Amino acid sequence: MAYGDYSDEHIKTILGSVQTIAMVGASANPNRPSSFAMKYLRNKGYKVVPVNPGQAGKEILGEKCYGSLEEIPHKFDMVDVFRSSEAAGPITDDAIRLKDEKGISVVWMQLTIINEEAAARAEAAGLTVIMDRCPKIEYGRLNQELGWGGFNSGVISAKRPKARIVS
Amino acid sequence: MSEQFGFETRMIHAGSRPEAVSGARQTPIFQNTSYVFQDVDHAADLFNLQDFGFIYSRLTNPTVSVLEERMASLEGGRGATCCASGHAAQLLIMQALMHPGSRVVVSTKLYGGSITQFGKTFKKFGWHGDFVDTNDLDAVDAAMTEDTKAIFVESLANPGGVVSDLEGLAKIANAHGVPLIVDNTLATPYLCRPFEWGADIVVHSTTKYMSGNGTSLGGCVVDSGTFNWAQNNRFPSLAAPEEAYHGLIFHETFGDMAMTAYLHAVGLRDLGASMAPQNAFQTILGSETLSLRMDRHCENALKIATYLEGHPAITSVSYAGLKSSSFYDLGQKYLPKGQGAVFTAQLKGGFEAGVKLVESVNLFSHLANVGDARSLVLHPASTTHRQLTPEQRSSAGAGDDIVRLSIGLETVEDLVRDLDQALST
Ligand SMILES: Cc1ncc(COP(=O)(O)O)c(C=O)c1O
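Read top to bottom, the protein sequences are chains A and B. Be aware that the first sequence starts at 1, since it is given in my numbering, and climbs by one per residue. Be aware that the second sequence starts at 1, since it is given in my numbering, and climbs by one per residue.
These aren't lab readings, by the way, just hints derived from the structure by calculation. The structure displayed is predicted, hence computed values, not measured ones. Warning: the hint list may mix true and false statements.
Straight-line alpha carbon distances no greater than 20 Å define the calculated SDA-like cross-link-like pairs of lysine to any residue that follow [stated by the list, open to error]:
| hint | chain 1 | residue 1 | chain 2 | residue 2 |
| --- | --- | --- | --- | --- |
| 1 | A | K44 | B | F47 |
| 2 | B | K337 | B | K348 |
| 3 | A | K47 | A | E71 |
| 4 | A | K39 | B | E252 |
| 5 | A | K162 | B | H13 |
| 6 | A | K75 | A | D94 |
| 7 | B | K171 | B | T215 |
| 8 | A | K159 | B | S326 |
| 9 | A | K39 | B | K171 |
| 10 | A | K44 | B | L49 |
| 11 | A | K159 | B | E19 |
| 12 | B | K124 | B | R103 |
| 13 | A | K12 | A | N43 |
| 14 | B | K303 | B | G198 |
| 15 | A | K159 | B | I12 |
| 16 | A | K44 | B | D39 |
| 17 | A | K159 | B | R296 |
| 18 | A | K47 | B | I314 |
| 19 | B | K348 | B | Y245 |
| 20 | A | K44 | B | Q38 |
| 21 | B | K356 | B | L409 |
| 22 | A | K162 | B | P62 |
| 23 | A | K162 | B | L49 |
| 24 | A | K58 | A | H74 |
| 25 | A | K159 | B | Q26 |
| 26 | A | K162 | B | G53 |
| 27 | A | K44 | B | L46 |
| 28 | A | K39 | B | G255 |
| 29 | A | K99 | A | D77 |
| 30 | A | K159 | B | K303 |
| 31 | A | K159 | B | A20 |
| 32 | A | K44 | B | V36 |
| 33 | A | K162 | B | R17 |
| 34 | A | K159 | B | D41 |
| 35 | A | K159 | B | P18 |
| 36 | A | K39 | B | E19 |
Ranges between beta-carbon positions, derived for each pair [said to hold, decoys possible]:
| hint | chain 1 | residue 1 | chain 2 | residue 2 | range |
| --- | --- | --- | --- | --- | --- |
| 37 | A | E70 | B | D41 | 30 to 36 Å |
| 38 | A | D132 | B | P390 | 51 to 57 Å |
| 39 | B | T215 | A | K162 | 32 to 38 Å |
| 40 | A | K12 | B | R386 | 54 to 60 Å |
Glycine residues also receive a C-beta, built at the ideal position from the N, C-alpha and C atoms.
With the rest of the complex left out, here is chain B:
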């Protein structure tokens, strides 16, 4: 969708007009499960999806829908569906596309938790992930089969500083009649614009920069509204009659709103992984300052990456903002305002040095999260990525000698001093 207002205006205003009854300016927290019907006909119209309105907060909630509209607006999409976590968002969109026997081409460079979700848990549903180095476009093309329903990548991967060639991937996906799904969590819609490069669906863990303070789990699926679900017979959830709604065909009845309607009316209804209104509220607050925070996150990250690259205890730093990175050019193309603030550093001292670093820092918090106002550090091999095999770990950019840093908004000299003392102890 072309937007009439600038990004910063939409961060603050999209989806949230003053509340009509009281005039309350900030979005109220509708801590509420269910909504009174006007009469039996009204109830029937709502249940048949013939009227817009709230029924029960497992499907929609007024506070959550403000965040949904805001996410859709910030990404330039048609609609958005918020849910309990980033992983719930991935489950929600894959459930709409996959059936037993379906396949999805997945990047080997995904966040470790996503590799486990796609590689292990989704298998129990009969969904098969074909893991490919998605920066090798020929390999992606070769992995596409008749049963493939999507290509799934991260715009900026957690944690390896890997940038996806979204334009090239979108061409391959669309040539094979399937959507390109982009996890835009670490880039945020401020730094990277997947729909403008041809992606069809964007997913987020709003747990990270969107909320920004490490308070609230959340996820979101944003639909561009431009994918034609009826172009082949691969997407019966959208293009074949839905029995639970009297044979309604989402694509036919809802047009470019079909996916968002489906994800609420079927996805959230049946999977139940809804976002809590309080978490939506926290994320709405976070979204209001997104651009300011991301600018500073990126500025601090580039300074720290540059410092670490010159440090004698460090073998290499994989940050797409550094000229030494093999993703520098892709970073300039897809993330021109800054290449994010999550990256890895490789320590000369290996596994032991990684453990020592995370235990010696004072300002950096040793924990399993990214995208917080605070600076964070993690040794993936001993934590988030320990379920993976050594091969999977190194192909995900999380080998034994790797530490992951998520650079926060503190005074950058203080962060450098903290790393300096931790690396020299």
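Next up, chain A with everything else stripped away, as it sits in the complex:
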């Protein structure tokens, strides 16, 4: 699928199916966008595993941080790339190599991160790729939360949303 062209249904399916997200480029600085995204996604029930060689062995928001995707000792469904478009290339290749061993199904590149060659390789290997989007913003947008801050979600629907139960 061409980037920028993802349907709301497609994004909903991805965010509804993944449970564990390896966040490559997760920062220990609480003001970085990755930290905001990590916190938010955890609040929504995802397990987020930080990957950052500079922080390997330490904890970010209470989660153990790993130096690479390979070092994560358990399965994860999605790789969320908080690095440059260029760095997204080798990270995507790691995900392709590890996809069966780790159970990876999605490579997600953050807002402004676009690497079409890497995306083509990943799609050829059977991975789903999203580029130039933020899972936090997409989650908020599709669950009517984005509008709370005055943002344009682009979502138009006369269907009654399901009331979510927060205990």
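Go by the hints and put chain B with the ligand onto chain A.
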């Protein structure tokens, strides 16, 4: 933002899905100040802007945010911030951009209240307005300085029938690394599309056509999300660490949502000029019929302007929809569906004739507002523009012999008859 649905669909649906708990179809009025936290962590995440959610209605309110999303959608912007009035919107956006010693290039043709706000009250903050005839693009370019933070114009000026060359102005603003801010109040997003011509920020007095019935004060700042606040060091509010949020940099953390996030989290938080939920509700109702009303406003306005132009008591009519207007071509370019319904007429009888007209009409209401379903008339020299000097008045298109008309939705023959009797008494 490219929009998937047409303008009329968005007028009715953008921002307002059925309410989840009850299924209520019309947007509920959340007449409510504050919102319960799930726990202490949730509260902390909200206060740190790490989660989306409501804290206190000075910052955000569920009814107001429906209107915000609708305004953002109608303008094709990334986000919108509603506030207490059009003037509050202007204060809110300028506060984000200006510091003591900052300058802004402002059109001499602005609404009189805006001229006073930029020329007098903003001066007390150390913000300097450089007033320029913004239809002279060379003069605009020459007025830009290192301290200039924005160019501010009205797409269709109140009241002179003046249309701004938005494309030319956007080029100058962006070449100097500053945003073009367009007050789109009198045009509305139905008639004029500032972001499509390169504007960066749009402001509204929703008091006028957006609400449409003269019931509710309101204002709005819509951000296109396309201006790069970190391209130079002129916009520290967006591009430097914000102490009140632990050194967060809005531009870095929120990307294209930075301005809208800032205007709520800092602007409304500290300036406090929030929109009342009841007013947001009235404006939401108004927005649902915007295109229908604007089509009829424009149709009636063109008929009345044409009638007045041929009347012996009238020297001239400045309505951009008339071929005689020097803004006719710009009007066709920037307002192709209609050139609005607020314009001025110049009376042969001068100041006295202006006073006599406003006192002789029966259907037109003599009051200081525009953009109502009712037809309105005003003699600016004796009312809204009386604080200005005679030079400022005439350069704002509001000289002694000028009356301002805001044409409503009544039967147009009745309006013509009313003006006819008032002009001949
Ligand atoms: C073009 C324009 N901008 C701004 C304003 C100020 O709006 P408000 O009266 O909602 O503060 C007005 C009000 O007349 C206006 O006509």
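To see whether the hints hold, each was checked on the structure:
With a C-alpha separation of about 17 Å, the suggested pair K44 (chain A) and F47 (chain B) falls inside the 20 Å cut-off, and the hint holds. Annotation: proposed proximity of K337 (chain B) to K348 (chain B) is violated, straight-line Cα distance about 31 Å (limit 20 Å). Of the pairs offered as hints, the one joining K47 (chain A) and E71 (chain A) holds, with about 16 Å between alpha carbons and a cut-off of 20 Å not exceeded. Between K39 (chain A) and E252 (chain B) the CA atoms are separated by roughly 17 Å; this keeps the pair inside 20 Å, and the hint holds.
Using a Cα cut-off of 20 Å, the hinted pair K162 (chain A) and H13 (chain B) holds, with the two alpha carbons roughly 18 Å apart. Using a Cα cut-off of 20 Å, the hinted pair K75 (chain A) and D94 (chain A) holds, with the two alpha carbons roughly 14 Å apart. Simply put, K171 (chain B) and T215 (chain B) have alpha-carbon atoms about 38 Å apart, too far for the 20 Å limit, and the pair is violated. Note on K159 (chain A) and S326 (chain B): the hinted pairing is violated, with a Cα-Cα distance of about 49 Å set against a maximum of 20 Å.
For the hint pairing K39 (chain A) with K171 (chain B), the CA-to-CA distance comes to about 40 Å; that exceeds 20 Å, so the pair is violated. A threshold of 20 Å between alpha carbons decides the hint, and for K44 (chain A) with L49 (chain B) the separation of about 15 Å falls inside it, so the pair holds. Pair hint K159 (chain A) plus E19 (chain B) holds up; C-alpha atoms about 10 Å apart against a cutoff of 20 Å. A distance of roughly 13 Å separates the Cα atoms of K124 (chain B) and R103 (chain B); the hinted pair therefore holds under the 20 Å criterion.
At roughly 17 Å between alpha-carbon atoms, K12 (chain A) and N43 (chain A) fall within 20 Å of each other, so this suggested pair holds. Taken as a hint, the K303 (chain B) and G198 (chain B) pair is broken in the structure, with Cα atoms around 32 Å apart against an allowance of 20 Å. Annotation: proposed proximity of K159 (chain A) to I12 (chain B) holds, straight-line Cα distance about 14 Å (limit 20 Å). The suggested pairing of K44 (chain A) with D39 (chain B) holds, with an alpha-carbon distance near 14 Å, which does not exceed 20 Å.
With a C-alpha separation of about 32 Å, the suggested pair K159 (chain A) and R296 (chain B) falls outside the 20 Å cut-off, and the hint is violated. This hinted pair does not check out: K47 (chain A) and I314 (chain B) have alpha carbons roughly 74 Å apart, beyond 20 Å. A C-alpha spacing of about 60 Å is found between K348 (chain B) and Y245 (chain B), which places the hinted pair above 20 Å, so the restraint is violated. Taken as a hint, the K44 (chain A) and Q38 (chain B) pair is honoured in the structure, with Cα atoms around 13 Å apart against an allowance of 20 Å.
Using a Cα cut-off of 20 Å, the hinted pair K356 (chain B) and L409 (chain B) is violated, with the two alpha carbons roughly 24 Å apart. A hinted pair counts as satisfied when its Cα atoms are at most 20 Å apart, and K162 (chain A) with P62 (chain B) qualifies at roughly 17 Å. Between K162 (chain A) and L49 (chain B) the CA atoms are separated by roughly 25 Å; this puts the pair beyond 20 Å, and the hint is violated. About 17 Å separates the Cα atoms of K58 (chain A) and H74 (chain A), which keeps this hinted pair within 20 Å; it holds.
At roughly 13 Å between alpha-carbon atoms, K159 (chain A) and Q26 (chain B) fall within 20 Å of each other, so this suggested pair holds. For the hint pairing K162 (chain A) with G53 (chain B), the CA-to-CA distance comes to about 18 Å; that is within 20 Å, so the pair holds. Only pairs whose Cα atoms come within 20 Å are accepted, and K44 (chain A) paired with L46 (chain B) is accepted, the gap being roughly 14 Å. For the given pair, K39 (chain A) sits about 18 Å from G255 (chain B) by alpha-carbon distance, which is consistent with the 20 Å threshold.
For the hint pairing K99 (chain A) with D77 (chain A), the CA-to-CA distance comes to about 9 Å; that is within 20 Å, so the pair holds. A hinted pair counts as satisfied when its Cα atoms are at most 20 Å apart, and K159 (chain A) with K303 (chain B) does not qualify at roughly 43 Å. This hinted pair checks out: K159 (chain A) and A20 (chain B) have alpha carbons roughly 9 Å apart, not beyond 20 Å. The straight-line distance between the Cα atoms of K44 (chain A) and V36 (chain B) is roughly 18 Å, inside the 20 Å bound, and the hint therefore holds.
Proposed proximity of K162 (chain A) and R17 (chain B) is supported: the alpha carbons are some 11 Å apart, at most 20 Å. Between the alpha carbons of K159 (chain A) and D41 (chain B) the distance comes to roughly 32 Å, so the proposed pair goes past 20 Å and is violated. Among the hinted pairs, K159 (chain A) with P18 (chain B) is consistent with the structure: their alpha-carbon atoms are about 7 Å apart, no more than 20 Å. For the proposed pair K39 (chain A) and E19 (chain B), the alpha carbon gap of about 27 Å is over 20 Å, so the pair is violated.
As the Cβ distance of E70 (chain A) to D41 (chain B) is approximately 32 Å, the hint placing it in 30 to 36 Å holds. At roughly 55 Å, the beta carbons of D132 (chain A) and P390 (chain B) sit within the given window of 51 to 57 Å. In this structure the supplied range 32 to 38 Å holds for T215 (chain B) paired with K162 (chain A), their Cβ-Cβ distance being about 35 Å. The beta-carbon spacing between K12 (chain A) and R386 (chain B), approximately 58 Å, falls within the hinted interval of 54 to 60 Å.
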